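**Student:** Sequence:
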Amino acid sequence: MGESSSTGTWRRAGFAGAAIGVLAAGAAAGVAVERLTVGRSVRQKARLALDSTGPYGGLRGTPGRALADDSTVLYYEVDEVAPDTPPARRRRLFGRKEPAPVTVVFSHGYCLNQDSWHFQRAALSGLVRTVHWDQRSHGRSGQGVAQSGADAVPVAIDQLGRDLKAVLDTAAPEGPIVLVGHSMGGMTIMALADRYPEFVRERVVGVAFVGTSAGKLGEVSYGLPIAGVNAVRWVLPGVLRALGSQAELVERGRRATADLFAGLIKKYSFSSKDVDPAVARFAERMIESTPIDVVAAFYPAFAEHDKAAALPVFAGVPVLALAGDHDLVTPSSHTEAIADLLPDAELVIVPDGGHLVMLEHPEAVTDRLADLLVRAGAVPDTAAAAATVRPDTRNG
Numbered sequence: 001m002g003e004s005s006s007t008g009t010w011r012r013a014g015f016a017g018a019a020i021g022v023l024a025a026g027a028a029a030g031v032a033v034e035r036l037t038v039g040r041s042v043r044q045k046a047r048l049a050l051d052s053t054g055p056y057g058g059l060r061g062t063p064g065r066a067l068a069d070d071s072t073v074l075y076y077e078v079d080e081v082a083p084d085t086p087p088a089r090r091r092r093l094f095g096r097k098e099p100a101p102v103t104v105v106f107s108h109g110y111c112l113n114q115d116s117w118h119f120q121r122a123a124l125s126g127l128v129r130t131v132h133w134d135q136r137s138h139g140r141s142g143q144g145v146a147q148s149g150a151d152a153v154p155v156a157i158d159q160l161g162r163d164l165k166a167v168l169d170t171a172a173p174e175g176p177i178v179l180v181g182h183s184m185g186g187m188t189i190m191a192l193a194d195r196y197p198e199f200v201r202e203r204v205v206g207v208a209f210v211g212t213s214a215g216k217l218g219e220v221s222y223g224l225p226i227a228g229v230n231a232v233r234w235v236l237p238g239v240l241r242a243l244g245s246q247a248e249l250v251e252r253g254r255r256a257t258a259d260l261f262a263g264l265i266k267k268y269s270f271s272s273k274d275v276d277p278a279v280a281r282f283a284e285r286m287i288e289s290t291p292i293d294v295v296a297a298f299y300p301a302f303a304e305h306d307k308a309a310a311l312p313v314f315a316g317v318p319v320l321a322l323a324g325d326h327d328l329v330t331p332s333s334h335t336e337a338i339a340d341l342l343p344d345a346e347l348v349i350v351p352d353g354g355h356l357v358m359l360e361h362p363e364a365v366t367d368r369l370a371d372l373l374v375r376a377g378a379v380p381d382t383a384a385a386a387a388t389v390r391p392d393t394r395n396g
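Using my numbering, you'd call the opening residue of the sequence shown number 1 and step up by one each time.
Any given hint might turn out to be false.
Computed list of lysine to any residue pairs in SDA-like fashion (alpha-carbon distance at most 25 Å, straight line) [stated by the list, open to error]: (1) K216 - P351; (2) K267 - G57; (3) K165 - Y299; (4) K165 - A308; (5) K165 - R285; (6) K267 - A278; (7) K216 - P154; (8) K266 - A364; (9) K273 - P351; (10) K267 - S289; (11) K266 - R285; (12) K267 - P362; (13) K273 - P300; (14) K216 - E77; (15) K165 - E77; (16) K216 - V78; (17) K165 - V78; (18) K216 - H326; (19) K266 - E346; (20) K273 - P55; (21) K266 - Y299; (22) K266 - A301; (23) K267 - E363; (24) K267 - A310; (25) K273 - F302; (26) K165 - E219; (27) K165 - D306; (28) K267 - A308; (29) K165 - V205; (30) K216 - F302; (31) K216 - V81; (32) K266 - V78; (33) K165 - F302; (34) K267 - T290; (35) K165 - K266; (36) K267 - E288; (37) K216 - A280; (38) K266 - V205.
Calculated directly from the structure, the hints in this document are not laboratory data.
Just so we're clear, the structure is a prediction, and the values are computed from it rather than from any experiment.
Could you build all of it, start to finish, from the sequences and the hints given here?
**Tutor:** In structure tokens form, the structure reads like this:
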């Protein structure tokens, strides 16, 4: 007997939801064991409790908006140096003539938003001027104009580099800049250097690449058998285009498969067994908030990404190349390849770290970032120490 139309619809929605969970987590399989041992209602109540009490993602700054070259509105927030910071602290580092304030600009990864830097933002609050922005179609930024309508085109990493330039021109029009990028955010920084090498040489005084890649992402196995991964890669672009045209159905499917989705995110975002459940839920909320049509529009860019030739633009400035040693999405070998192309870079591989290493091991990432800011002249040693010893950065 054939299944009813409504049953078939929901089953397809379930399959679609599972597929999107796979995509958003950057993998092709994996299910949390807790699904087999904890009832669905208990898990739903736990998620609601974490959503209502979780302290992460609540930091806000002065809002601003930049206009991309295709008229997409890009949202950013600025955290200024605390007005009561003693000038003597900065003079000890810079001498009598204090330079223009350094601005540290954070770029987030695929299916995330600016809040993914929560711990680092809290630690640096008041110590250095920072800009946190949402990539197009993510967070509070507008849907990519070029990705909308009948003539929609997929996003290119080159476009993201131009977007970053628009944000810098608006939020940091003068003074030195330190760029910090995670995953897709790191690729965005590479695209900026590729398109605007002179701007980078004139303005950028430091850069941090966190869990990212300069190319060859088509070789990543996500910890799965190569044959299976290659088969998925062959069909996935077409599947995503189809799912993107049925966004409402797919979103219902994602909700119906929330448990599978949560398990995938945990597996491919974190390596540690004792990740704070509130942090895991925080990551899940960011990823699940990314609509399927956005997932579909960005996915092809990663296979095409190749910016190794742009990395030498950063030669001569302090560079941090950091990754978790169990990152299944952008393996640490890709970070090592970046360091090989920038021999003076500080290479840091964080033990027991996954793809979202800045959330999983915030102290390790913040400590190395503070060191970079000192080397770049962004903060005095005393300010860097203050950023690394705060006992609780959850609430800023």
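**Student:** State the violated hints by number, sorted upward, taking the hints as numbered earlier in the document.
**Tutor:** Numbers 5, 13, 14, 16, 19, 24, 25, 26, 28, 31, 32, 35, 37 and 38, in rising order.
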